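Q: This is what each chain is made of:
Number of protein chains: 2
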Amino acid sequence: MNLDDAKRLDAADPLRSLRELFALPEGITYLDGNSLGACPKATPERIQRAVTQEWAQGLIKSWNSAGWIDLPRRLGDRLAPWLGARPGEVLVADSTSINLYKVLHAALQLQQGQRRVIVSERSNFPTDNYIAQSVVRAHGGELVLAETPEDIPALLDERCAVLMLTHVNYRSGRMHDMGLLTRWAQQAGALAVWDLAHSAGIVPVDLLGCAADFAIGCGYKYLNGGPGAPAFVWMHPRHEGQVFQPLTGWLGHAHPFDFDSEYLPAPGIQQYQCGTPPVLAMTGLDTALDVYDAAQQRGGMRALRAKSLALTEAFIAGVDARVPGAEIHTPRDAAARGSQVSLSLPEGVDGYAVMQALIARGVIGDFRAGVPELLRFGFAPLYNSFADVVQGVDALADVVTSGAWNAPEFTSRAKVT
Amino acid sequence: MNLDDAKRLDAADPLRSLRELFALPEGITYLDGNSLGACPKATPERIQRAVTQEWAQGLIKSWNSAGWIDLPRRLGDRLAPWLGARPGEVLVADSTSINLYKVLHAALQLQQGQRRVIVSERSNFPTDNYIAQSVVRAHGGELVLAETPEDIPALLDERCAVLMLTHVNYRSGRMHDMGLLTRWAQQAGALAVWDLAHSAGIVPVDLLGCAADFAIGCGYKYLNGGPGAPAFVWMHPRHEGQVFQPLTGWLGHAHPFDFDSEYLPAPGIQQYQCGTPPVLAMTGLDTALDVYDAAQQRGGMRALRAKSLALTEAFIAGVDARVPGAEIHTPRDAAARGSQVSLSLPEGVDGYAVMQALIARGVIGDFRAGVPELLRFGFAPLYNSFADVVQGVDALADVVTSGAWNAPEFTSRAKVT
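Note that the protein sequences, when read in sequence, are chains A and B. Per the UniProt record's numbering, the first sequence starts with residue 1, numbered consecutively. Per the UniProt record's numbering, the second sequence starts with residue 1, numbered consecutively.
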């Protein structure tokens with residue numbers, strides 16, 4: 001695929017007009033929406049209004065008059081259809097890590113001490129495993145990590161309380177079969193907890209259809225809620241009234257404004273709210289969900305997924321053809337692929353330096369240390385185009401084959417991320 | 001004090017110019033900064049820049065180039081001097097409730113199961129007692145609540161692991177003697193945990209001087225960080241390396257960007273960070289702290305406290321003189337008073353309706369149900385004036401004595417807060 005081919009595909013893309021809803025910098029090919037989503041054009045003005053009108057002018061009254069108090073539930077309702085959930089089942093609150101802590105405690109409490117093992121993958125995003133380590137420590141249990149996805153089924157034994165997986169792996173972009181693994185876990189007597197950080201708004205998710213138990217996820221990746229945007233949490237309604245989550249803040253109380261001295265959990269998902277919602281951050285996510293409304297009118301998840309797969313497939317084909325020695329670590333099987341492509345480079349080529357050189361040329365992906373070192377390129381069908389794919393492949397091929405990465409300004413590792 | 005007297009006092013106020021740094025609505029007397037602080041004039045533009053430049057243009061690079069990754073520590077360093085703490089000891093993160101959960105678990109873990117009782121007050125802000133209930137449940141302990149402040153010392157026995165108090169009570173505005181109670185708690189073998197929600201930036205706090213153990217507090221009250229702004233957490237450096245807090249998210253790891261599979265807590269306060277910081281909300285608090293820099297140049301906490309006490313004293317005197325039957329529930333003793341005045345009205349006068357009628361006249365305080373029902377008026381010396389005191393007293397006296405509150409638009413309780 002060359003740039004002309006790409007432009008023909010872009011012209012035929014039913015989602016092409018959505019790119020106009022984002023404030024992307026000139027001359028940049030942004031392939032890191034899996035890490036931090038782009039900024040919708042409507043967001044600055046909407047947040048400005050929240051600051052200057054709702055806060056500065058409305059002051060304390062805005063908890064009611066601007067609907068601040070309803071934001072966690074209202075945003076949850078807006079997210080629900082993208083997760084295969086119903087309104088009233090999703091809450092937007094806190095961070096992904098904190099929401100995971102809530103649902104893992106709830107899940108272990110549901111197991112009533114009969115089972116205390118959480119099963120996950122060693123390659124899971126570290127925060128998930130760190131939180132799980134803390135939760136099993138509190139329950140006198142154990143975190144057991146599969147070395148490969150194929151090892152998971154054998155770990156679903158009579159000790160297993162919870163199977164906790166990130167649906168799409170942050171390093172490899174490999175997507176688990178949520179329905180199958182949920183069924184296997186539940187057949188073994190375990191509960192299924194899904195981290196949708198790399199799934200929400202980008203791959204089809206059907207939590208109710210899979211009859212999963214709990215899910216959490218992130219607001220600032222494909223959802224474009226802004227840096228550090230609040231996260232979300234979902235619980236299957238069959239667990240309503242059965243669970244206890246330990247972050248018992250006042251806004252998870254059944255009657256928060258009665259100021260009772262005893263904690264009484266609110267029914268359903270509301271129990272997962274803890275403290276006062278971060279209104280400005282919530283407003284960013286609220287605005288970003290307007291773009292999803294527009295996507296819904298242009299084919300919804302079916303169109304997003306089709307475009308996402310076409311973008312990643314074209315990128316993989318381009319790398320195969322033009323970057324000698326690059327190895328693709330993301331499944332070529334579309335059914336097992338999220339919306340990113342991860343690759344390693346031949347021995348002797350410094351992946352970190354390659355990414356710095358790409359960024360210097362205006363192509364932004366990211367680099368992940370580990371074994372192997374990976375370059376990750378995320379594709380966000382709301383704003384990425386086939387032209388982005390070609391520009392990404394062109395730059396990568398040139399940086400690697402020319403040896404341009406091998407310069408002190410790229411190889412020096414002073415930066416944090 | 002009449003309006004002319006007030007204007008003379010305002011003209012002599014060394015802090016008077018700070019009011020100009022806030023975007024207060026025309027015609028409003030805002031006496032609820034203890035609940036939600038006012039918006040600094042610089043905030044809209046600063047947040048706008050964070051959205052349009054740092055996020056939209058800088059994208060993922062801004063974690064380094066805009067210093068996002070350092071915000072939790074940098075804001076903590078800015079707050080530290082207002083808390084009697086040193087740079088490096090304070091972290092800005094999550095919500096007050098969540099930070100309290102972290103430090104209570106850390107404190108109970110320090111007690112190594114020898115002591116499992118948390119002592120607090122029944123009149124503490126509910127979220128504190130709810131979180132404490134959850135933490136003692138996890139440790140097999142008990143929450144014991146003093147009915148009055150005078151009952152506290154007797155509860156500091158050999159079972160007491162932690163004395164957890166809000167320094168300034170949210171209902172009464174009564175301020176505890178932090179030094180004395182910390183000493184008593186520690187002499188009894190307990191640890192002292194202080195909630196500074198109604199203290200930070202408004203009354204003198206000397207955490208190191210008192211040798212307190214842990215403290216947490218809120219960013220959106222007197223600190224003016226914006227609705228739902230992130231909270232803060234402090235730990236005495238003597239506990240460094242001794243504690244475990246269970247919200248073990250990746251950014252509390254000693255080497256978060258190594259993506260290790262085992263959790264290794266960062267040294268010191270950094271361990272209390274959990275997930276990704278909410279950048280836009282942090283930016284609001286960062287901007288608000290610039291106003292504190294300006295206050296520092298005009299006499300700092302000494303000047304703020306002197307004005308705060310003068311404002312609350314003048315308000316109390318006005319209510320005594322002009323609101324028949326009103327009872328002041330805030331200590332008249334300046335040493336025991338925070339920066340709010342809480343009062344109840346005579347039997348038969350509906351406090352809720354009185355507050356609605358005041359709001360309709362442009363005087364905003366708040367109403368708290370309970371026994372007794374209280375009207376609360378907060379005084380923020382950064383922007384409140386003596387003229388505000390007179391306007392507040394005038395409106396309250398008129399609404400109560402005229403019976404204007406007794407109209408359906410004020411007595412109807414459809415609103416949430």
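Derived by calculation from the structure, the hints in this document are not laboratory data. Since the structure is predicted, the reported quantities are computational estimates derived from the model, not experimental observations. Among the hints, erroneous ones may be present.
Given that identical chains are not distinguished, each listed pair holds provided it fits within a single copy or across any two copies.
As the list claims (entries may be wrong) - The calculated EDC-like cross-link candidates involving lysine to aspartate or glutamate, where the alpha carbons are at most 20 angstroms apart (straight line), are:
| hint | residue 1 | residue 2 |
| --- | --- | --- |
| 1 | 61 | 409 |
| 2 | 61 | 13 |
| 3 | 61 | 26 |
| 4 | 7 | 373 |
| 5 | 7 | 26 |
Q: Please go over all the hints and tell whether each is borne out by the structure.
A: Taking the hints in turn, this is what the structure says about them:
1. 61 x 409: between (52 angstroms within a copy, 16 angstroms between copies)
2. 61 x 13: The answer is neither: 45 angstroms in one copy and 29 angstroms across copies each exceed 20 angstroms.
3. 61 x 26: The answer is between: 15 angstroms across copies meets 20 angstroms, while 40 angstroms in one copy does not.
4. 7 x 373: Neither. Shortest intra-copy (32 angstroms) and inter-copy (68 angstroms) distances fail the 20 angstroms Cα cut-off.
5. 7 x 26: Within one copy, since 18 angstroms is at most 20 angstroms while 54 angstroms is not.
Checked against the numbered hints above, the structure violates hints 2, 4; every other hint is satisfied.
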